[in-house]
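These protein sequences, in sequence, are chains A and B.
Quick note on this note's numbering: the first sequence kicks off at 1 and runs consecutively.
Quick note on this note's numbering: the second sequence kicks off at 1 and runs consecutively.
Possibly wrong hints are sitting among the right ones.
Copies of the same chain are indistinguishable here, so a pair counts whether it falls within one copy or spans any two.
[To be verified] Below 20 Å or equal to it, Euclidean Cα-Cα: the simulated PhoX-like pairs (lysine-lysine) are: (1) Lys162 - Lys218; (2) Lys372 - Lys404; (3) Lys248 - Lys218; (4) Lys248 - Lys129; (5) Lys375 - Lys363.
Simulated from the structure, these hints should not be mistaken for laboratory data.
There are 2 protein chains.
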Amino acid sequence: VKDKLFESLSEIVGSENVTIDPTDLYCYSFDAFSYPFIDKKLFKFRPTAVVMPTTTEQVSKIVKFAYENRIPVIPKGAGTSISGGSIPTQGGIIVDLTRMNKIKKIDVENLLVVVEPGIIDDDLNLALKSYGFFFPPDPGSHEYCTVGGMVANNAGGMRAIKYGATRDHVKSLEVVLPDGRIIRTSPSVLKISSGYSLTQLFVGSEGTLGIITEITLKLTPLPEHRTLVVIAFKDLEDAGRCVSEIRKSGIIPSSLELVERYGIKTINEILKGNIPEADALLFAEFDGSFDEAVRQAKRAEEIIKKYEIAYIRFIDDENEIERFFKARQGAAIRYIKLVPELARIGMGEDFVVPVSAVPKALKKAREIFEKKGIKVMLVSHIGDGNIHPFIMIDLTKKEEQWQKILEAAREVNNMAIELGGTSSGEHGVGISRREFLPKEYGEAVEVMKAIKRAIDPENIMNPGKIFE
Amino acid sequence: VKDKLFESLSEIVGSENVTIDPTDLYCYSFDAFSYPFIDKKLFKFRPTAVVMPTTTEQVSKIVKFAYENRIPVIPKGAGTSISGGSIPTQGGIIVDLTRMNKIKKIDVENLLVVVEPGIIDDDLNLALKSYGFFFPPDPGSHEYCTVGGMVANNAGGMRAIKYGATRDHVKSLEVVLPDGRIIRTSPSVLKISSGYSLTQLFVGSEGTLGIITEITLKLTPLPEHRTLVVIAFKDLEDAGRCVSEIRKSGIIPSSLELVERYGIKTINEILKGNIPEADALLFAEFDGSFDEAVRQAKRAEEIIKKYEIAYIRFIDDENEIERFFKARQGAAIRYIKLVPELARIGMGEDFVVPVSAVPKALKKAREIFEKKGIKVMLVSHIGDGNIHPFIMIDLTKKEEQWQKILEAAREVNNMAIELGGTSSGEHGVGISRREFLPKEYGEAVEVMKAIKRAIDPENIMNPGKIFE
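The task is simple: from the sequences and hints, build the whole structure.
So, in C-alpha cells, the structure goes:
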C-alpha cells in the first residue's frame, strides 16, 4: 500500500529509500533490548514508515515534514541499544542513519576527525590506525554499533577508566532540530568557553532533542604498548578491594575488567586455556610507552600480591591481549550458547556505584538475583564502578521468570542509587530505566523536562524515551 | 540607609553579611575586566546590595526572595573575570560566594573531591597534594580565583592541552535554580549515561542559569616527574609550525606555551637569565614517570631541531620549572610595570583557532594590532590554538586608543571565527564577547536562549551576560 506518508517521504529521499512494507516495519520494531520478546504489550509497536536518508538536508526535510504533521521521529543506528532506545513505542518515522556512514575528514593537523553518524566504531578506528590515532570508546558492540548511537547514548566501554566515555571525545555536532532547522553545536576547536555547551547537552540525549547528522571527534594518539595482567582472585570481594586500592594508588590502568566465577569456565574454553577455578577474574591493562606500561603493571602487581590469588599472568603481545579481551567479551555470550534454553536479558544490567562500594554492590547484586532463582553472571568495568549483571533467562520458563527479573532489576538499580550511584553507566535510559530517573535526580528531572519542552515543544523527537 | 532590601537579606544571612554601603557597592561594581575604567557608560553600574551567604540554604532563600521580587542576582567569586562576567549591568543583588570556601570531602577511595564554590584553586591543590592528587586546570589567576568561577567559566590554563579544561573534571554540581529550588545535577560517580548532562550544561553557563553551591571534581594523580624544554625560535611562524608538528606526532605535552619577542626581555629580567633575543619563546612541558617525561622531551627535541632555534634548555628540577612558569606568567605584567603609562586591557584576548591555523593567526593578529598602533604581546596556550593578545593601552592617550582597541579586538575575534575558531577559549563571554556569539553559533544561539528562558523564565540570573 503506497500511502500518503510513503509518497511524501519518497519525494525527499526517493522511493527506494523509504519502506512501509510490513516485514520491514516488523524488523524495525525492536532493537537489542529483550523486553519486547517477553512483554507482549511492547511487542506490538511498529513504525509507520522507515526512511534511509543519505544527507543532512534530507534529514532536515524529513524532520520538517514530521514536525508539520506531528509525527514522531525515531533516529536509529545499528539498533544495538539494550535499553529500547529506538523502539517506536508511539509509532512514527524511523530515520535509519546507517547509510550516512562516511568519514568526511581525518584532520591530523588539528587532531580532529569528522564523521557521519552511521559509521561503525571499528571502521572508524581502522581508518584512524594508519595515522597513529584512535577513538578510544569501545562498547561491547564496537564491531557493529554506530558512532552516532555511541554519541546519543554516551557509550563507554573498557577503556573509559583512562580515556573517558564518548562524551569526552566529542568536540562539535551538526544536529537537525525537531523543527528541521540545522545547527552546529559549536566551532570545531580543541578548547572553547563561549556560550552553553550544546555539544555536551546533545551527547547522551538519546535522540530526544534532535538528530545528530555529523560528529567531530578529537583524535587520541594510539599508545605504543599495552601490558595486560590477568589475575584470578579466590574471593570476589577481594577483587573489588584490590581494584579500589589500585585506583587509590594513582596508577591509571587503561582497563580494569572483572568477570565472575561462571565466566572463567567459558573463557578457558574460548582460549583453550587453564585458568584455575576462582571467584573472580580481573583483567588489568596498562598502556603508554613500553617502559611506562610495564612499570605500571609492576606497581599494580605489588598491590595484587597482598590478596589471595589463584593465578596471575602478564601479557605483552598485542595479539594475545586481543585474544584475551575477546574471550572476556565473549564469556557471557558463550555461556548462554552452552545452555540452549538460556537467553540474555538486558535489565538492571548497567548500574554504577562509587568505586568504594563495588565489593558491597557485587555481593548484594548476587544475593538479589540468587534469592529470586535467576541465573546471573556479573561482568564489570570495575574501575569505574560500572557493573553489568548479565542476566540469563530460561526460555522454557520465561513466563514465570519475567516478573522476577523485573523485580530483581528494580532492586539492583535501587540499591545502586541508594549507594549514590546510577542505573545507567553507559547504556542509556531508553524505555527500560525511565522509572529510576526521579529517584536518581530528584527535582533535576524537572529541569531536564523543561529543556526537552523548550527544544522539542511538540514532543516529536523519540517520544517516550528517557522520561516516563 | 537601612532599606527594605537590606532588612530582607539580613533576615536570611544576618545583617553582618549584607551590605548596601556605597563604598562596598562601588567595590563590587566591577571585576578584572578593564572596559568599565574606560567606557563611562559601564562604569556607572552598581549592585543594589551585596550578600555573603555561608550555606546552600541561605543562597536558596536569597534567590527565592529575588525571584519573588524580580531582582537580578549576580553570583560572584574572586572577581577575576576579564570578560565582565560579574559586573552588575542591571543592578541587583551580588551573591559573594567567597565565604563558602570549604573542602567538604577528599574522597580518595572514589577519586572525588567535594568543595564549596568559593575555595581558591591553589588552596584546593595544596590540600590535594598530600594525597598525591591534583585538580589540573590552572588559569593565570590560580593563586586567587575560585573554583566556582572556574566552573562557571570553564577555565582552562596551561595544562588543558593534556588534562582538559575545568569541564573535563566536574562530576556533579549542586545548583540553586533561579526560583530558589536546590538540585543536584547528577549522582557523583565516575561514569554515567542517564538523562541529560545538566552538569555539563551548568559548566560554562556563567551564572546565567543558577548559582553553583557545591562542586564534585574527579581527582587526577599527580605526575611523578616533569621535564620542561624551553626553546627560542628565530621565527614566530616557525614556532607555530613546530607546535603543529609536535601535536601531529602523537606526543602529548602537559604544556605548550608561547611568549612573543617582547616577553623574552622581561622573562630574562625575572629569571636573571640570558635567553637570546628571538621572535618567540616556547615552553614545552612533558610529564609522567621520569622515563616517560624525558623520553617525550627527547622525541620533541628531534622535531624542534628541524627549525632555526637560538636557544634550547632542558629542565628537570621542579623548582626551576616553577620559576620558569612564573616568569612565563609574569612576562606581560612585568612588561607593563616597566612602562608606567601602560595598562593591560582584556579585549579580544582569548580567541582560539584550529591548531593548523596558529602560525597564520599569530601573524594576522600582530598585523591587526600594529596597523592600529596598539602595543600587544602575544602569549598563547599554543597547543590548543588558544591565543591571548595581551593588549597594552597608553593611559596618557586612552581616549584616542579606546576606539582602536575595540576595533582591533573585533577584527581578531572575527578573524578567529572565520578560521573556524571561537572568541573565547577559557575566559567566557560575559559582556565583552556577546556580539560574537551569533557569528560563532548561528541558529544554535536560539537554542541556547530557549534553554535560558526554560530554566530562568524571569531572566533574573546574571541578566545581560552571554547574550545581547
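Report task. Find the hints from earlier in the document that the structure breaks and name them by number, from lowest to highest. Result -> No numbers; nothing is violated.
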